[in-house]
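Since chain A is already given, all that's left is putting chain B on it; use the hints.
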Amino acid sequence: MKNKEQYQSIGKIIKENYRLYLAALVIVLVAELIGLKKLQIGSALIIIYPMLFAILISVLLGPDIFRFFKEKESKNASSLVLVAITPFMAKVGVLAGANLPKLVDVGPGLAFQELGHVGTIFLALPVAILLGIKKEAIGATSSTCRDKDYGLICHLYGANSPEARGALSIYIIGFLIGTIYIGFLASLVASMNIFHPLALAMASGVGSGVMMAAASSTLATIYPEYADQIVMLAGASDMLAAIVGIYFTLFISLPLTRKMYYWLEPRISPKHTRETKNMKVGS
Amino acid sequence: MTMNMRDWTISLLFTSVITTLVANLIGNHMSIAESIPGVMILSAIAFIGIFLGKLIPLRIPAIVYVILTGLLVASPISPISQPIIDYTAKISFMAPITIVGTLAGIGLNFKSFISQSWKMVIVAILVFTGTFLIQAIFAQVFLNLTDTLDSF
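Chains as they are written, first to last, in the numbering used here: chain A, 7 to 289; chain B, 67 to 218.
One thing to keep in mind: the hints can contain errors.
[To be verified] Once the Cα atoms are required to be at most 30 Å apart in a straight line, the calculated DSSO-like pairs of lysine-lysine come out as:
1) A/K277 to B/K177
2) B/K177 to A/K141
3) A/K18 to A/K76
4) A/K21 to A/K141
5) B/K120 to A/K81
6) A/K76 to A/K154
7) A/K81 to B/K177
8) A/K141 to B/K185
9) B/K177 to A/K154
10) A/K18 to B/K120
11) A/K76 to B/K156
12) B/K185 to A/K154
13) A/K108 to A/K21
14) A/K18 to B/K156
15) A/K76 to A/K21
16) A/K78 to B/K156
17) A/K154 to A/K140
18) A/K154 to A/K265
19) A/K44 to B/K156
[As the list claims (entries may be wrong)] Label-pair restraints from in silico Cβ distances:
20) B/M69 to A/Y253: 20 to 28 Å
21) B/D152 to A/Y268: 55 to 63 Å
22) B/E100 to A/L162: 47 to 55 Å
23) A/I20 to B/I188: 39 to 47 Å
24) A/Y268 to B/P123: 33 to 41 Å
25) A/P114 to B/K177: 44 to 52 Å
26) B/L79 to A/Y253: 30 to 38 Å
27) A/F74 to B/L211: 51 to 59 Å
28) B/A99 to A/K140: 55 to 63 Å
29) B/P123 to A/R25: 31 to 39 Å
30) B/L79 to A/A117: 31 to 39 Å
31) A/E231 to B/I188: 34 to 42 Å
32) B/I143 to A/K78: 41 to 49 Å
[Claimed, not checked] One-sided and incomplete, this derived list gives chain B residues near chain A with beta-carbon spacing under 10 Å:
33) A170
34) S183
35) T195
Calculated directly from the structure, the hints in this document are not laboratory data.
C-beta atoms are modelled at their ideal positions from N, C-alpha and C, and glycine is treated no differently.
Chain A on its own, in the form it takes in the complex:
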C-alpha cells in the first residue's frame, strides 16, 4: 500500500511523458534520416553526425524558442539524459572488456594524460583575465565545469559566489557549443597529422559523456581502421576522468588556478585599478 503512494503508477509516468517519448523518437528518426554529413573545409574533414542534428532540432523545439515542449517536459528530458546515455556507456565498457589486454598496456599512458586537464588553465585563464573577467575566471577555467565540477565549486564557494557563476557559465555554454565544437576540434587537429589517432582518442575524455561521444565518433569516422580502439580508449579516458576528476580539480587544478589568478590578475587585467590608485595615494 505504501509503495503505491510513494511511487507514481506506470500509467501516470507514461501519461506525463508520452509526448516527450514520441517527439524524441521522431527527432531521432529525422536526425538519422539526415544521416552523417562530411564537409571538407581546407584540409580538415568536418563530420556532422545525427546526434548534432538531433541537438539542434530539439533545442529549436524547446520551451524557449518554438515552445513545442513545455517547461515541465524540458525538465523531465534533462533527468532522462543520464538514463539514456547508459547503453552507450555499456557499449564503451564492452569494447574495453573485449580489448582488455590492450587497455592494460596503455593504462599508464591513460593515467598520465589525465594530467592534461590542467590545459584548461594555461590557455583559458590568461585570456579570461585579459578580457576583464574577475573571480568568475577561477570557477570557469579550473576544470571543464561538468556536473560534478560545478557541484564542487558550489560546495566550496557557495552557489552565489562569482566562482560558481563562472563555472555555471561554462557548464551551460559547454553543453551546446562545447559538444559541437569538440567534434570540430577533433577533426581539425586530426587533419594536422601531428598526433596518433589513439592519442587523440585518449584526449577525447574531457569529462563529459556527450562530448566524449562527439569527439570519439568524429575520430572513428576519420580513422575507420581504428574505430573500435578509439571509442574504447576515449571511454576509458572519460571513465578515469569521472573517477579521479573531482579530486584532480580539488587538489591540483583549482589551487593552481587560484595561484595563477592572484599572480596574473594584478599584472594583466584591464580592470585591475585598485592597487594603482592606492599607490598614487601613498606616494
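Showing chain B alone in chain A's frame:
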C-alpha cells in the same frame, strides 16, 4: 538522482531502447530483429551497473559502474564474453547517442544560454581546446616514449 529501478527501466525502454533500434536500422542498416539481442544486452548491462551504483555507497558517478560492468562481462575472464561481444558488435556506437543529444537538447535552458556574455563563450572554447590539446600532447608523448603503439 532518486529514480527507482522500475521508473528507470520504463524510462530506458521508451527512450534509448526504441530509438537505438530505429537509429541502428536507418544509420547502420541493421534490421530491428538483428538489433534486438544487442540492444537488450547493452540495456541489461546498464541496468546492472545502475543497480550496483545504488548498492555500493561510494561517491562515484553511476555511469562508471555501467562501464565497469560492461568491461567485466566482455573481458576474457567472463564465460559469456564471446556472445556479448558478437551481439553488441551489431549495434553501431553512434546509434545509442542520438537520443542522448535529443534529450539533452530538449532539456537545455536556452534563455540562460543566450544570456551568457560573448567573453564567457570565448573562455569556454579555450577551456575545451586547452583540455583536448594538452591531453593529446601528453598522450602522444607517453605513447612515443613507451612504444605502447606496437601492441595495437
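Results of checking the hints against the structure:
no. : hint                         : verdict
1   : A/K277 to B/K177             : 28 Å, holds
2   : B/K177 to A/K141             : 24 Å, holds
3   : A/K18 to A/K76               : 17 Å, holds
4   : A/K21 to A/K141              : 46 Å, violated
5   : B/K120 to A/K81              : 23 Å, holds
6   : A/K76 to A/K154              : 27 Å, holds
7   : A/K81 to B/K177              : 14 Å, holds
8   : A/K141 to B/K185             : 14 Å, holds
9   : B/K177 to A/K154             : 23 Å, holds
10  : A/K18 to B/K120              : 24 Å, holds
11  : A/K76 to B/K156              : 36 Å, violated
12  : B/K185 to A/K154             : 23 Å, holds
13  : A/K108 to A/K21              : 47 Å, violated
14  : A/K18 to B/K156              : 34 Å, violated
15  : A/K76 to A/K21               : 14 Å, holds
16  : A/K78 to B/K156              : 36 Å, violated
17  : A/K154 to A/K140             : 23 Å, holds
18  : A/K154 to A/K265             : 22 Å, holds
19  : A/K44 to B/K156              : 23 Å, holds
20  : B/M69 to A/Y253: 20 to 28 Å  : 27 Å, holds
21  : B/D152 to A/Y268: 55 to 63 Å : 56 Å, holds
22  : B/E100 to A/L162: 47 to 55 Å : 50 Å, holds
23  : A/I20 to B/I188: 39 to 47 Å  : 44 Å, holds
24  : A/Y268 to B/P123: 33 to 41 Å : 38 Å, holds
25  : A/P114 to B/K177: 44 to 52 Å : 45 Å, holds
26  : B/L79 to A/Y253: 30 to 38 Å  : 35 Å, holds
27  : A/F74 to B/L211: 51 to 59 Å  : 53 Å, holds
28  : B/A99 to A/K140: 55 to 63 Å  : 59 Å, holds
29  : B/P123 to A/R25: 31 to 39 Å  : 37 Å, holds
30  : B/L79 to A/A117: 31 to 39 Å  : 37 Å, holds
31  : A/E231 to B/I188: 34 to 42 Å : 36 Å, holds
32  : B/I143 to A/K78: 41 to 49 Å  : 46 Å, holds
33  : A170                         : 5 Å, holds
34  : S183                         : 8 Å, holds
35  : T195                         : 6 Å, holds
Consistency note: the structure conflicts with the earlier hints numbered 4, 11, 13, 14, 16.
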